[in-house]
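Mind docking chain B on chain A? Use the hints.
For the protein sequence lines, the chains are A and B, in the order given.
Residue 453 is where the first sequence starts when you use this note's numbering, and the numbers rise one by one after that.
Residue 80 is where the second sequence starts when you use this note's numbering, and the numbers rise one by one after that.
If you're looking for bench data, these hints aren't it; they were derived computationally from the structure.
Please read all numbers here as calculations on a predicted model, not as lab measurements.
All C-beta atoms in this analysis are idealised placements derived from N, C-alpha and C, irrespective of residue type, glycine included.
A portion of the hints provided could be inaccurate.
To be verified - Covered by chain B, according to a simulated footprint, are these stretches of chain A (three or more residues, beta-carbon under 8 Å):
| no. | segment |
| --- | --- |
| 1 | 515-523 |
| 2 | 533-539 |
| 3 | 602-608 |
| 4 | 629-639 |
| 5 | 719-733 |
| 6 | 785-799 |
As the list claims (entries may be wrong) - Pairs of lysine-lysine residues, derived as BS3-like cross-links and limited to a Cα-Cα distance of at most 25 Å, are as follows:
| no. | chain 1 | residue 1 | chain 2 | residue 2 |
| --- | --- | --- | --- | --- |
| 7 | B | 291 | B | 578 |
| 8 | B | 412 | B | 438 |
| 9 | B | 291 | A | 778 |
| 10 | B | 137 | B | 578 |
| 11 | B | 412 | A | 778 |
| 12 | B | 428 | B | 412 |
| 13 | A | 564 | B | 291 |
| 14 | B | 578 | A | 564 |
| 15 | A | 564 | B | 367 |
| 16 | B | 367 | B | 383 |
| 17 | B | 124 | B | 137 |
| 18 | B | 137 | A | 816 |
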Amino acid sequence: MHIPLDYETLRLIWWALLGVLLIGFALTDGYDLGVASLLPFVARDDEERRLTINTIAPHWEGHQVWLILGGGAIFAAWPFVYAVSFSGFYLAMFLVLASLILRPVAFKYRSKHSDPAWRARWDWALFVGGFVPALVFGVAVGNVLIGAPFSFDSDLRMTYEGSLLGLFTPFTLLTGLLSVTMLVTHGAGWLALKVEEGAVLRRARRIGSAAAIASVVLFALGGVMVAKAGMGMRLMGVVDASGPSNPLMSASAAASGAWLDNYAAHSWMVLAPALGLIGPMLALLGISTRRAWVQFAGSSLAILGTVATVGCSMFPFILPSSIDPKSSLTVWNASSSHLTLFIMLVVTIIFLPIVLAYTAWVMKVLSGRITLADVRTSPDFY
Amino acid sequence: MDMAVVELSRLQFALTAMYHFLFVPLTLGLSFMLVIMESIYVITKRPIWRVITRFWGKLFGINFVLGVATGLTMEFEFGTNWAYYSHYVGDIFGAPLAIEGLMAFFLEATMVGVMFFGWDRLSRLQHLLITLGVALGSNLSALWILIANGWMQNPVGAAFNPETMRMEVTDFAAVLFNPVAQAKFVHTVSAGYVCASTFVMGVSALYLLRGKYTNIARRSMMVAAAFGLASSLSVVVLGDESGYALTDNQKMKMASIEAMWETEEAPAAITLIGLPDMEAKTTHYAIKLPYVMGIIGTRSLTGKITGIHELVLTADARIRSGMIGYDAVQKLKGNRGDLAARATFEAHKRDIGYAMLLKRYVADPRQASEQQILKAAADTIPNVPVMFFLFRFMAAMGFAFIAYFAMAFYCASASQFSTRWFLRLAVVMIPLPWLAIEGGWVLAEIGRQPWAVDGVLPTFLGASSLTIGQIWTTIIGFTALYGTLAVIEIRLMIAMIRKGPIEHHEPTPQAGFAPLPAE
Numbered sequence: 453m454h455i456p457l458d459y460e461t462l463r464l465i466w467w468a469l470l471g472v473l474l475i476g477f478a479l480t481d482g483y484d485l486g487v488a489s490l491l492p493f494v495a496r497d498d499e500e501r502r503l504t505i506n507t508i509a510p511h512w513e514g515h516q517v518w519l520i521l522g523g524g525a526i527f528a529a530w531p532f533v534y535a536v537s538f539s540g541f542y543l544a545m546f547l548v549l550a551s552l553i554l555r556p557v558a559f560k561y562r563s564k565h566s567d568p569a570w571r572a573r574w575d576w577a578l579f580v581g582g583f584v585p586a587l588v589f590g591v592a593v594g595n596v597l598i599g600a601p602f603s604f605d606s607d608l609r610m611t612y613e614g615s616l617l618g619l620f621t622p623f624t625l626l627t628g629l630l631s632v633t634m635l636v637t638h639g640a641g642w643l644a645l646k647v648e649e650g651a652v653l654r655r656a657r658r659i660g661s662a663a664a665i666a667s668v669v670l671f672a673l674g675g676v677m678v679a680k681a682g683m684g685m686r687l688m689g690v691v692d693a694s695g696p697s698n699p700l701m702s703a704s705a706a707a708s709g710a711w712l713d714n715y716a717a718h719s720w721m722v723l724a725p726a727l728g729l730i731g732p733m734l735a736l737l738g739i740s741t742r743r744a745w746v747q748f749a750g751s752s753l754a755i756l757g758t759v760a761t762v763g764c765s766m767f768p769f770i771l772p773s774s775i776d777p778k779s780s781l782t783v784w785n786a787s788s789s790h791l792t793l794f795i796m797l798v799v800t801i802i803f804l805p806i807v808l809a810y811t812a813w814v815m816k817v818l819s820g821r822i823t824l825a826d827v828r829t830s831p832d833f834y
Numbered sequence: 080m081d082m083a084v085v086e087l088s089r090l091q092f093a094l095t096a097m098y099h100f101l102f103v104p105l106t107l108g109l110s111f112m113l114v115i116m117e118s119i120y121v122i123t124k125r126p127i128w129r130v131i132t133r134f135w136g137k138l139f140g141i142n143f144v145l146g147v148a149t150g151l152t153m154e155f156e157f158g159t160n161w162a163y164y165s166h167y168v169g170d171i172f173g174a175p176l177a178i179e180g181l182m183a184f185f186l187e188a189t190m191v192g193v194m195f196f197g198w199d200r201l202s203r204l205q206h207l208l209i210t211l212g213v214a215l216g217s218n219l220s221a222l223w224i225l226i227a228n229g230w231m232q233n234p235v236g237a238a239f240n241p242e243t244m245r246m247e248v249t250d251f252a253a254v255l256f257n258p259v260a261q262a263k264f265v266h267t268v269s270a271g272y273v274c275a276s277t278f279v280m281g282v283s284a285l286y287l288l289r290g291k292y293t294n295i296a297r298r299s300m301m302v303a304a305a306f307g308l309a310s311s312l313s314v315v316v317l318g319d320e321s322g323y324a325l326t327d328n329q330k331m332k333m334a335s336i337e338a339m340w341e342t343e344e345a346p347a348a349i350t351l352i353g354l355p356d357m358e359a360k361t362t363h364y365a366i367k368l369p370y371v372m373g374i375i376g377t378r379s380l381t382g383k384i385t386g387i388h389e390l391v392l393t394a395d396a397r398i399r400s401g402m403i404g405y406d407a408v409q410k411l412k413g414n415r416g417d418l419a420a421r422a423t424f425e426a427h428k429r430d431i432g433y434a435m436l437l438k439r440y441v442a443d444p445r446q447a448s449e450q451q452i453l454k455a456a457a458d459t460i461p462n463v464p465v466m467f468f469l470f471r472f473m474a475a476m477g478f479a480f481i482a483y484f485a486m487a488f489y490c491a492s493a494s495q496f497s498t499r500w501f502l503r504l505a506v507v508m509i510p511l512p513w514l515a516i517e518g519g520w521v522l523a524e525i526g527r528q529p530w531a532v533d534g535v536l537p538t539f540l541g542a543s544s545l546t547i548g549q550i551w552t553t554i555i556g557f558t559a560l561y562g563t564l565a566v567i568e569i570r571l572m573i574a575m576i577r578k579g580p581i582e583h584h585e586p587t588p589q590a591g592f593a594p595l596p597a598e
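For reference, chain B alone in the conformation it holds in the complex:
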């Protein structure tokens, strides 16, 4: 494998995925907030709620199209840049992507057209149901994507088939109800809701600070404060912790987040802050809090948390076992009926992925030297300092958002959102959820390295047979295109916010808010 092709493919995937995920969280959250706002309109029949729904709907639309446009790249990018990955796990990984299209994308994309163009063609209740369809569709789409991603972190319900040289599904229910996927789904959509709530709070605060559209801004803020408080609690409480004890790689992820080099006696201490050192394999200046890690990590006082050194030893043993399995696969290639090789394969198939880590150093893993085995085992440690600091950043943000929305509640009841320092804070808060969310993805994906699929397929083996020139062409192309679109999108958002919620097309603006024909 040409490592430059691998690294460039990773760079492009990271760029396009992180760019795509600038738009997704707002879609996830704002769609449900539109449902809440429109429900209030349907129940109270007060036209101001129609104006509120339509206004946030417009901002939703500007954001939504870029999510759709950049999502297209993601659907194709596994095939274009990760062809061997697509072959190797497509039997399992392709299914959630296809179901996402059938069950979720069709719903959200078909309904979104009626949501924007159907205001005058539908009854109030019908239109609300359409908006609900958009919200359900976008959130279901997140469910299927996280089932796919959860499988990469914890590949359940599948086994290697030497006849087809790939992983094949053995238990589809296990893939669906993968606990890692479930935890990730709740965590990710809740983060999206926090993002949208913060956005609505911030934009409304701008209006209140300038004394414009205060009726609309106060009501929007109320909805956002309630939705945001519930969601920020959900992000932290139902966070990503569960499932960290399931596989060796997940254990490694937790150990590196905590920069825990040695296995400690249960219950383990948590390192609040320190300076992890990859070279010396230790954490300098660590400030520790006893017991806490054991309780968070295992939900018990007796559960042990395995340290990095011990996990590397486990990897070493699995590489050696995998080399035997790999040898059996090569024998089966020559003779499908070789019963002895078949039996050896069955005994060692769980570890074949580990043997493939050696391909970075030697073309045929069976020829690996002791030195190379040690190197491959050490490769299973992800970038500890990045993990350590990103996690602390994300956790701090999580608690900050709970405090922020609790404060919003207090300001709502105490001063009807007229506390100016709080309004200024709300504006400053707008970009923070995006930082936390992108940080969360980097943490999840860096933490899985060196694997594309935990214990199954190393990332460097997944790439396509492309040239460096081809990948640079598309990286430059995507960067230029995406960069231009980002500038245009932000300008349009700002222009739309400046213009405000009052529509000059309204049939009788002088009479306040015109009732619909249905009223």
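Pulled out of the complex, with its shape left as it was, chain A reads as follows:
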């Protein structure tokens, strides 16, 4: 079969699509996680809680598919990354899964009984289902930046030499917290769009402001730590961008400060960290001027900028190895075959626009603010 795009281009496209999927997940399910993390703090009584929950109840299921699709697409396009990261971060993955499993059940089951103890338990489950994944995803990204302790043998069987606790270092805790504050800002932005003026909204504005300020500080601090610690890796020798996907056939080595290389080489990439800083400030502006759309756009840009910063800093690395640099996974050595990348691109070009179209239509059908009066009367509300 003739493939109209060369291998190198397809790998670049799939690197960008990996970013699109992560951003798609963080932008959509990100506010569901944020709202769930905010739940105990913005909503005090049962009606306020139901008001808060019902802003995301019809949407989270569709949003979670971004995560499922992310898993599937990494499996299909970057099988090495899927195999190494998921088995390497084994217990962390379990933590995320267990908390995410609580979430759907909590949504659906919470309001089936009126017993306050029953509801309080599910509210906690919702909080855990929002906060824990938000934190662990951030910690995972931090670990990707510093590299994971894995190596390959000549059959490309991977050995991982880390532990769950080893994932938590000061730097990765910082990235974890940044992930939480960013998604909480985003969740507060969603509440600003969806709930009527009242106590919930007032509290969401207050916590949202604090989270936005914290995001700016943590993002800047994270940048300083990356620079100070001299994190980074460089490819060594001749790089064959269309070569076989076999990490052992390429070479890389740790190189102090290499995560800043790309900004010197391609100055437009500075846009990404700039958005990471400006986004939360814009959200803050939206909160103080009571413009919900500005607030939501700000938190969205913050997410976009932050994920793009990680990608731009590390390119062409996807998952470096901290113990065996030559095992590091890059855009040029960790993809699936030329044909699979092409087929998956065709499928994505056909279906992603359809998905976006009906998601937008659903958003329109379910648009409008939710009020305490709705919560009291609608038979369909949780």
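For chain B alone, coordinates are given in the frame of chain A:
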């Protein structure tokens, strides 16, 4: 490989997959039954059908969330517990999973929100289309999963690439139109429809036995009887038989289902019942029916069905051929340009998977002794007694369901479902489809052993480099979490069934069923 890690990973995968599949069949079938019920509502505009649709929709929702929640585990579990498998076949196996997300999951998960929250925001027809979207989405998702699973049973359209040390796709159309996958898809979704029909029949029968909500229960039962009869015929007639002659492993699966040790003259006899003995490699007390197996298995009077002993000899020859191919791969690792090794590799690449069976006994398959080759060849026999009895159980259930739904039809026309013994039977039937379905999965997956991917990758090589402690942690964690959720789910289902279909939120309950603003 640490065999304890392999066995624990298999245990965890079996637990999480079988638990996930408690919820999937009901979703597959109930979603289409909702479409049928809502279509009747849209066509007749009779409000009782709206109540019926909403009631079964609520039960659907309770079940659906657990399917979604536990499906997440499945999507990640290949990577967490089967990392080498993911590397080795991800180039082919990952694609259907990703397409499933794009084409099916997004559709069902986005639409399900509107299905529950959009009743007052959409016209009747629009809402029906949404329900149809949920049904299509969930059934398409089954299609892609079974294309993935079908490839594990019959790995077409792919070849080993020594430069990347993995299988890579050569013909994607062959993966899509894999006959094993197609047969499995029809069989699996039909089984889901039978499951949902039996569930609706049983719950409705409970209401009829107590004389409650009889209008709603009778109508629901009518839909379920019709849907169930068509589906139960489809499960058996379009069952899993086709494709058993395609590969050596599929042949082995059929031979072990039939506990057929020796190749027989065509057309072969079927063993109705007997006692297969793995040690003595024979079947005691076999009661045989002449000709039948040959006709079912090959759809002809002349086709031969190969017995287990002969298939082990084939495996033995393929292991020896694979050892030559494996040696060529090792040479190519050192020197990509070695033309002689490349030619040897091309000649023997189909059998490299067989050589890897030896890794259970010796680190380097090239050093294997005669004894070890014999052992590895014998490993290609799956657990015959389990296969033999599970298949008979599944087949018996299949015919029982046809009889049951035919009876339901008779009761509908003869007595309008007022025959009490039949209603009691309908309640007792509720758990049976689940038993047959879980049995079917065990049969399919045990039957593929020792392979993760037939002839390509032995299961024991597919596992991740994990510690026993890590896997026990997650097995205990999943068991505790899933166990708790199962208890809560069943209680909620029962509470919802007790509460019944009449909604106290309906705007004017005293006037019967309130029309929608659109009416």
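Checklist line | Structure versus earlier hints, numbers of those that do not hold, lowest first | finding: Structure breaks hints 4, 5, 9, 15.
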